[in-house]
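Chemist: Protein sequences appear in the order of chains A and B.
The numbering used here puts the last residue of the first sequence at 276; the count rises by one with no breaks.
The numbering used here puts the last residue of the second sequence at 246; the count rises by one with no breaks.
To be clear, the hints were calculated from the coordinates, so they are not data collected in a lab.
Virtual Cβ for every residue (Gly too), placed ideally from N, Cα, C.
Since no wrong hints were added, every one of them can be taken at face value.
To be clear about the criterion: a stretch of chain A counts as covered by chain B if any three or more of its residues have a C-beta under 8 Å from a C-beta of chain B, and this derived list gives those stretches:
1) 31-38
2) 42-52
3) 100-109
4) 121-135
5) 139-152
6) 161-174
Covered stretches of chain B (chain A as the covering partner; in silico rule of three or more C-beta atoms under 8 Å from a C-beta of chain A):
7) 15-24
8) 37-45
9) 127-140
Capping the alpha-carbon separation at 25 Å, the derived lysine-lysine pairs in DSS-like fashion look like this:
10) K6/B to K233/A
11) K30/A to K17/B
12) K233/A to K248/A
13) K21/B to K30/A
14) K80/B to K158/A
15) K102/A to K74/A
16) K246/B to K208/B
17) K30/B to K233/A
18) K21/B to K233/A
19) K244/B to K185/B
20) K11/B to K122/B
21) K30/A to K4/A
22) K185/B to K202/B
23) K17/B to K30/B
24) K202/B to K214/B
25) K3/B to K17/B
26) K6/B to K21/B
27) K3/B to K18/B
28) K185/B to K208/B
29) K2/B to K122/B
30) K244/B to K208/B
31) K102/A to K158/A
32) K248/A to K11/B
33) K214/B to K80/B
34) K202/B to K80/B
35) K6/B to K17/B
36) K18/B to K30/A
37) K214/B to K158/A
38) K2/B to K17/B
39) K122/B to K248/A
40) K233/A to K11/B
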Amino acid sequence: MTTKDIGPKNPVEQGVTQLVDFVDERSGVKNSGRWLMFRNIPAGTSWFQTLGFTAMALFGMQAITGIILAMYYKPDPNTAFGSIASITNEVTWGWMVRGMHKWGASAMIVIVFLHMGRVFIWGAYKYPRELTWVTGAMLLLMTMFMGLTGYLLVWDQKAYWATVVAVNIFASAPILGPYIGDILRAGPEFGPDTLSRFYSIHMLLIPGGIATFIGLHLYFIIRLGISEPPWAKRALRVQRDEEDARRKAARDRQAGLKGSVSFPPAWVDDEQEVTR
Amino acid sequence: MKKADKVAYDKDYAAAKKDGKPFFPYAIYKDTIIAGLAILVVIVLAITVRVEMGEPVNPASTDFLPRPDWYFYFAFELLKIFANQNALTPVIMATFMVPNILIILLVIWPFIDRGPERRIWKRPFAMGTAVLVISGLCYLTFLGASTPEGIAKGETLPLTGLDAAASAGEAVYLANGCSSCHMIKGVGAPGPGPELTNEGVKGWDNAKMTQWMKAPLAPMPSFASLPPEDLDNLSIFLNGLGTKYK
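Chain A extracted, bound-state conformation (with noise of 0.2 Å):
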């Protein structure tokens, strides 16, 4: 008598595994997750290597409070003081997720720029990772876009003037610069549509790209690994091993060009290396 098996007698069980099985015989995800799960990282990873996925987080804690204040906030001149008034004093735990917004984008920046700096110090951008770097370099300057529009949505005197005052530099630029300037303003003037328009921008366009930029980094990083720290053991010690074997290589011709004056000849030697 041949037995079948049915899998798991627990309907529930049996009802997931048939739904994991579905999407994995079209997705075929369970390869691929567990490779990316259980793929090797060298050994010597270090803590200093968790700021990249810290500034990931953060991006998403701002992503998840930028949604709920948008839900409150009225981006229009005549109201958006208002509904930030309102954000702040009356909306419950309005002030907390805007406080954690305002503090988060601060982190954010702080994060960004101790990984570039980690980064950096470690060579990590060479090859083969010219091209993590690149879309890094792009995610720095996404972030610093995003608190620069993000400032005006406040509505108030010292963020309106100062964005004033960093939208004339960017119409300052030659050639393109007045066309930026049209742009950011929604005119020549800053006006009613200044607002929306970087309230679009801060809340649409640059997430947008934002998260495309880190699909593309997260791509390299894993198609890549991650790097090894130049101080990792093994790293250490295959240079001891190398300087090592360069010094023994230098001994033995020392020892040889001594023993060419006298027999045997040099050639005897350079037989011996090509053997060994």
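Mind docking chain B on chain A? Use the hints.
Modeler: Frame of chain A, contents of chain B only:
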């Protein structure tokens, strides 16, 4: 990087991976702890240092402090260094040249430094650049954070010889936040705008000064919204600084 160096690196990295540990859980647990700590710090800051409400925007009032958020202080300080005081410090250096050169260097850096060496102590040039840029940014940020914001309410300018029109001009100057960016005889912020103690020495006429107020060179904002008589008085005041009014 030479082909042989690339091959050597690939071989070395493959060896590192072979001797390595699985991503889960060894990397994930570190990532989770540090990211969790970062988010915790943000939450603690949000609770302890509450966000405040500023003054609502009033485009008609130019009594303002155009200060950016702290992470742009370095750019703001650059504006003070290149405040168009003389031919060596044109304002375009701060608004265009320096930032764009830095951005381009940042993006193309891996294509400049192509050597195979990764050990810190064997890369003095790269490390020197890093120390220079990081300490420069920190110093400029510190300067930006520690400069006074314009002048206190009720403070006046230590000038003598003001006539009626110039006094009215001085009042316009003080009421419109000019001292947030300009300094006259040690009073007001030391930038981003140039010092105006001897502005009159340039010998501009009032029409030219009025025109400048309406359409100045970036980053200075336009003051076209001021009433014409205010602009006239302001021009008389500025064009006499260092000559008639000392």
